[in-house]
Each structure stands twice: as structure tokens, then as C-alpha cells.
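Visitor: Now for the letters of each chain:
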Amino acid sequence: MDFLVQNFAVLLFSLLAVLTVAGAIGVVTLKNPVHSAISLLGTFVMVAALFVLKHAEFLGAVQLLVYAGGILVLFLFVIMLVNVRKLRPESAFLSNLAPAAVAVGTLFGVMVALVMVLSRLAGPGADPTALRTVEGQVLGNTEAVGWVLYRTYLVPFEVVSVILLVAMIGAIVFGRRQASLEREEEGGQG
Amino acid sequence: MISTTSYLVLSAVLFTIGLIGVMVRRNFITVLMSLELLFNAVNLNLIAFSDRLGDLGGQVFAVFVITIAAAEAAIGLGLIIALVRLKQTVSLDQANEMRS
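Protein chains in written order, with my numbering: chain A, 1 to 190; chain D, 1 to 100.
By construction, these hints were calculated from the structure, which means they are not laboratory data. Ideal Cβ placement from N, Cα and C applies to all residues, glycine included. Take these hints with a grain of salt, some might be off.
Unchecked claim - For each label pair, taking beta carbons as the anchor points, the in silico distance ranges come out as:
1. Asn-96/D to Asn-32/A: 22 to 28 angstroms
2. Arg-176/A to Gly-57/D: 24 to 30 angstroms
3. Arg-85/D to Gly-109/A: 48 to 54 angstroms
4. Lys-87/D to Leu-11/A: 47 to 53 angstroms
5. Pro-128/A to Arg-85/D: 46 to 52 angstroms
6. Thr-152/A to Asn-96/D: 41 to 47 angstroms
7. Gly-57/D to Asn-7/A: 29 to 35 angstroms
8. Gly-57/D to Leu-76/A: 31 to 37 angstroms
9. Trp-147/A to Ser-3/D: 26 to 32 angstroms
10. Gly-57/D to Ala-103/A: 28 to 34 angstroms
11. Leu-74/A to Gly-57/D: 27 to 33 angstroms
With the rest of the complex left out, here is chain A:
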């Protein structure tokens, strides 16, 4: 029991990490897109918990609201709209296996090696209350993130809002039926 109490954070992290990786493997390996989407939901929730574990409470909530509540529902909506069963079957389930294995293996090796080297060089971590502090006052993580977002990073914030607008217009244009096709249909009827 003492072991459990003392190592609670590490055990929690291990559990969350294993579930995250399991969900990710499910996304990539499952054949049915609906099953992949549900597996992705599990990964999103676990990553949100990992955010909270690193003192990013606001980001955890945003992850749940935007990813699990928004993007994933959009995915499921499109999967059901497209009606995968009526489509032509995939010509091949997998492709590019050999080049993918080489590229991904090399990248993973380089990443882990870098992390190991850098972690030896790094000093001690910072005080986590810095992530909740606004002008010397200890408030909450949400207040602190808002303070930095709307002051230091105001210009990037505006740029991102323009990108969102462009993406919205783009999605509407892509989703629309093509005007030339409609004219042909009307011409055929008339």
C-alpha cells in the first residue's frame, strides 16, 4: 500500500501512457473507420489526462471539448454520411510498407537518442506554480493562459482566427456540389 501511495503519479502516468499507445495502435490497425474513430476517442481522453498531470488544466479541458467533442464528432458524421459499405472496396489495405518502416524507424531512433542526450544535459525543472501565476498573484491556470494569450501572443491569435475563417470558407467550397456539374444536369433536363 505504501508503494502505491508513494508511486501514485508514476503508476498513473504508466497506465495513461499504455492506454494512449494502445488507442493509437488501434487507430492505425483497425479496418473499420468507426472502430478507428472510437479508438481515437480513447487516445484523446488519455492525452487530456496527461495534460492535467503536467499542470495544464485548461489545455486538458480544451482537448476534451475541441477534440473529443468537436473533431471526433465531425469524423463520425462524415463516416456515416459517406456510407463506407456502398463504396468501391479499397484496392489495397496497406502500401509503402518497406519505405515507411525505414523512414519511421530512423526517425524514432533519432528522436529517442536526442531525448536521452538532452535529458542528461538538462538542469532541474521549474516551479509548477509559475503556470498559475498572473503578475505575481497565484490564480488559476486558465487565467494565466488567457493573460499570456491575449497580451504576449495577441498577433498570432488574430492570425489563427483568420486561418480558421479561410478553412471554413474552404470547407464550404469543397463540400458544395460543383457548379459545372449542376449546369450539365440542368441542361440535360431542359
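Put chain D on the given structure of chain A with help from the hints.
Guide: The following block gives chain D in isolation, referenced to the frame of chain A:
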């Protein structure tokens, strides 16, 4: 506390799995979901470093990454709808021309 190193290794594993999905799968919908895995791996890195350095910039940039991911998902799913209208398929191998 949990070390930054373990977060970075987990992020590397997540990124690798997502990259495998993007490179190997041919189903457009699954490729987009694997892209979301890549975004999540990047966000884990940003959060881990934000905690390590005591700097909120990492969390703010994670907010930006989530926004861009939402934009990317909207565009990608619009493309899927357009591809299905045009070719009746979600396979990337069939999406080989700009117009039919």
C-alpha cells in the same frame, strides 16, 4: 513527479505510430485520424516543455496547434466528401487526378 523525459519518449512513440498510419494506410479517413495523432504528439511535447521551463508559451502554442488541427479536419473532411462525390471511393490510390 513524472520526468519530462518520459513525456518526450511517449510523444515520440505516439508520433511514430501516427506517421506509420499516414504513410501506410490508404483509407483517407484513417489517414486524417493518424494526422490527429501527430498533432497530439506535438501537443504533449509542448506541454511537457512548458511544465519543465515554467513558461506558459508552450500551453498557448498548444492552443494554436489545436485550432489548426480543427481547421485541418474541416478541410480534410470536405475533401473526403468531394472525393466520394467524384469517384465513389475513400481510397487515396484512386485520388490521382484533379478533375474527372
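Visitor: Provide an ascending list of the numbers of those earlier hints which the structure does not satisfy.
Guide: 2 and 3
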